[in-house]
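Using this note's numbering, the first residue of the sequence shown is number 370, and each one after it goes up by one.
No wet-lab data here; the hints were simulated from the structure.
Here the structure is a predicted model, which is why all the values come from computation and not from measurement.
Note that CB positions come from ideal geometry on N, CA and C, so glycine has one too.
Just to be clear, a hint being listed does not mean it is correct.
What the hints assert, rightly or not - Here are the simulated distance ranges between beta carbons:
hint : residue 1 : residue 2 : range
1    : THR526    : ASN456    : 43 to 53 Å
2    : ASP442    : ALA385    : 25 to 35 Å
3    : ALA387    : HIS546    : 17 to 27 Å
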Amino acid sequence: RPSSSNYVGSEPITNAIAAFRIEGFTLTEDGELRPQLLENLSGTALTDALQAYVRRAKQGAQDAALLAGTSKDLLEATAAHILVERNGSYPQRANFEALLGMAFVAVDLATPQHPVQPGESPQRKAERAMFSLAIGINAMRNKLGTGHGRPWLPEITDIEAKSAIQFMGTIAEWLLHAHARRNGA
370 RPSSSNYVGS
380 EPITNAIAAF
390 RIEGFTLTED
400 GELRPQLLEN
410 LSGTALTDAL
420 QAYVRRAKQG
430 AQDAALLAGT
440 SKDLLEATAA
450 HILVERNGSY
460 PQRANFEALL
470 GMAFVAVDLA
480 TPQHPVQPGE
490 SPQRKAERAM
500 FSLAIGINAM
510 RNKLGTGHGR
520 PWLPEITDIE
530 AKSAIQFMGT
540 IAEWLLHAHA
550 RRNGA
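Throw the hints in and build the complete structure from the sequences for me.
Listed below in structure tokens is the structure:
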């Protein structure tokens with residue numbers, strides 16, 4: 370509060386608000402701190418929040434099953450965001466593989482369904498592999514983790530879960546970079 374004897378000034382407060390926003394949190398002028406909700410964001414604000422989510426996700430966590438589920442949620446949210454940015458909407462009933470495939474196509478990334486072209490860049494091979502990896506991690510989450518609300522203990526190990534979130538975070542980051550590149554940013 371400007372009337373407080375220990376008020377630091379508006380510039381440090383504005384800087385703190387911006388720093389928290391980059392990390393996926395909203396800090397109000399009154400000092401209230403809360404996580405940003407992806408469904409309340411759009412455009413650049415959503416892109417920034419997803420990038421912050423990628424950074425946090427790649428740092429890992431302790432709960433293996435939760436981590437595996439979070440990895441799928443992150444990539445799914447990224448794919449939906451890209452489709453909304455490019456097309457104005459996304460098919461909400463599409464399964465994970467279809468949604469991811471549409472996002473890859475929207476930003477001109479190769480999927481296993483794209484035939485290898487003579488002389489194509491090595492990046493295209495990496496793109497196909499990332500798509501396949503994402504599908505594999507989602508299947509692992511569905512069969513071994515908490516996918517589809519399974520009530521029993523997950524069979525996914527901590528290292529598998531940590532790797533899953535790091536891989537999915539890297540794929541989300543690659544997608545966001547391709548999206549920005551296609552937008553001229």
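Using the Cβ atoms, figure out if ALA387 sits within 17 to 27 Å of HIS546.
Since ALA387 and HIS546 have Cβ atoms about 22 Å apart, the given range 17 to 27 Å holds.
ASP442 and ALA385, beta-carbon distance inside 25 to 35 Å?
Given about 28 Å between the Cβ atoms, the range holds.
Can the suggested window of 43 to 53 Å be confirmed for the beta-carbon pair THR526 and ASN456?
violated, 38 Å
Checked against the numbered hints given earlier, the structure breaks only hint 1 and satisfies all the rest.
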